[in-house]
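Chain by chain, the residues:
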Amino acid sequence: MHEFSDYFKKITPVVPASLEKKVLLGLHAVILEEARARHQWAIVGLMLSLSGVAGVVWFLGEFLVQSTFWSLLMLLFSDPSTVANAFQDFGYSLLETLPLLPLILFLIPLTLLFWSLSILFATPSKHFSSSLSFTH
Amino acid sequence: MNLLMDIPKPLLTKAIAGDEQSFSKVVQLLLPALYQFIFLIVRDHDLAEDIVQETWIKAWKHRSRFDPKFSFKTWLYTIGKHTAFDMLKKKQPLPLSFFSDEAGEFSFEKEILHEAEIVRSLDQASLAEYFDEALGELPILYRTLLILVYREDYDLHEAASLLGEPYNTIKSRHQRGLKQLRVILERKHASKNSPHSYLE
Chain A
408 MHEFSDYFKK
418 ITPVVPASLE
428 KKVLLGLHAV
438 ILEEARARHQ
448 WAIVGLMLSL
458 SGVAGVVWFL
468 GEFLVQSTFW
478 SLLMLLFSDP
488 STVANAFQDF
498 GYSLLETLPL
508 LPLILFLIPL
518 TLLFWSLSIL
528 FATPSKHFSS
538 SLSFTH
Chain B
1020 MNLLMDIPKP
1030 LLTKAIAGDE
1040 QSFSKVVQLL
1050 LPALYQFIFL
1060 IVRDHDLAED
1070 IVQETWIKAW
1080 KHRSRFDPKF
1090 SFKTWLYTIG
1100 KHTAFDMLKK
1110 KQPLPLSFFS
1120 DEAGEFSFEK
1130 EILHEAEIVR
1140 SLDQASLAEY
1150 FDEALGELPI
1160 LYRTLLILVY
1170 REDYDLHEAA
1180 SLLGEPYNTI
1190 KSRHQRGLKQ
1200 LRVILERKHA
1210 SKNSPHSYLE
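First to last, the sequence lines map onto chains A and B. Read in order, the letters of the first sequence correspond to residues 408 to 543 in our numbering. Read in order, the letters of the second sequence correspond to residues 1020 to 1219 in our numbering.
Worth flagging that the hints you see were computed from the coordinates, not collected in a lab. Hints may be right or wrong, so weigh each one.
Not the full set, but computed from the structure, chain B residues with beta-carbon under 8 Å of chain A [to be verified]: (1) Glu1039; (2) Ser1043; (3) Val1046; (4) Gln1047; (5) Leu1050; (6) Tyr1054; (7) Gln1055; (8) Val1071; (9) Trp1094; (10) Phe1104; (11) Lys1108; (12) Val1138; (13) Asp1142; (14) Tyr1149; (15) Tyr1169.
Glycine included, every Cβ here is placed at the ideal spot set by N, Cα and C.
Could you build the full structure based on these sequences and the hints that come with them?
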């Protein structure tokens, strides 16, 4: 005697042969669309970050050049022997005079710049289409 | 639930992380089962194909929402069921009753029908002959639930979770589904055995 569930399991609709190809093609189209959107965002990010870097250099460049930090930093090139003799004190002085705010303001567009470049250079994968040629 | 139909964990982990090769393997593994599940709900090959494609696209787009503690197949079936119901509603404006229980959520079932009684009460040869047809005549909510329970081997708690409804609702819907299926089967049985059926 058959179990009740056997009657359900005996019904086996035929899966169309073209379905797998259709699904993989659909997924491939979605991935390309996602890559295109990411690419567009990366270009926007790149433009914004370049403007940001330029803006920070333009507005804070003069402030940085006139700061004590910059004068101390220049000692590295103008008087390296003195710096070498008092390297520890020199290091502490550099840390003390570090212009944190301009540095953070500079790092924000720089991070965005690297993120945008990494997205731009990441090539969209073509696996869904290559698996199609492999299986069919 | 049939765990054999689920997929290897390392493959699933890579697929969920966005590895396209692994995801396409997952598609190949679960595609037949998903298609058959969807087809039995909607009873239309073209529509079932569209739903299956849409289900996989949604699964890819929302893969980060999948919780690996649960079964991927169950998650996929949940998306498939929602997509199927949405597409059916879009395809033709169906009455609300098509998607709701006839007796309401809190109906009290006086008589419990066991599935074995359906098998016992009818001739097995003829039962096999028109079982699929009878299932197709069952309202979609009952059909979906009975397919999950008797074809996909989900218990009522799992089916309730997959369908996103309270256990008690599913429990009474299960009973009503079985009773309605029996009525349809008996009607088909009677019409096949009536002397007029030879004239048709």
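Check: Measuring from the C-beta of Tyr1054 of chain B to each C-beta in chain A, is the shortest one below 8 Å?
Finding: holds (5 Å)
Item checked: Restraint satisfaction for Val1071 of chain B [CB to CB of chain A, less than 8 Å] -> holds (7 Å)
Notebook entry, point to check: Can Lys1108 of chain B be said to touch chain A, with a Cβ gap under 8 Å?
Noted result: violated (21 Å)
Notebook entry, point to check: Does Glu1039 of chain B meet its interface restraint, that is, does its C-beta lie within less than 8 Å of any C-beta in chain A?
Noted result: holds (4 Å)
Checklist line | Restraint outcome when Ser1043 of chain B is required to lie within 8 Å of chain A by C-beta distance | finding: Status holds, d = 5 Å.
Notebook entry, point to check: Any CB of chain A closer than 8 Å to the CB of Gln1055 of chain B?
Noted result: Check passed: Cβ of Gln1055 of chain B comes within 5 Å of chain A, closer than 8 Å.
Check: Taking the closest Cβ pair, is Asp1142 of chain B under 8 Å from chain A?
Finding: The hint is violated - Asp1142 of chain B has no Cβ within 8 Å of chain A, the shortest such distance being about 12 Å.
Next item on the list: Identify whether the interface hint at Val1138 of chain B stands, where standing means a beta carbon of chain A within less than 8 Å of its own.
Entry: holds (5 Å)
Checklist line | When the least beta-carbon distance from Tyr1149 of chain B to chain A is tested against 8 Å, hint result | finding: violated (10 Å)
Check: With a cut-off of 8 Å, does the beta carbon of Trp1094 of chain B approach a beta carbon of chain A closely enough for the hint to hold?
Finding: With a closest approach of 17 Å, the Trp1094 of chain B hint is violated.
Next item on the list: Double-check Gln1047 of chain B for me: the hint is only fine if its C-beta lies closer than 8 Å to a C-beta in chain A.
Entry: This interface hint holds because 6 Å falls under the 8 Å limit.
Note to self: Tell me if the interface restraint on Tyr1169 of chain B is satisfied: Cβ within less than 8 Å of some Cβ in chain A.
What the structure shows: holds (4 Å)
Hint compliance for this structure: hints 9, 10, 11, 13 and 14 are not met, and every other hint is.
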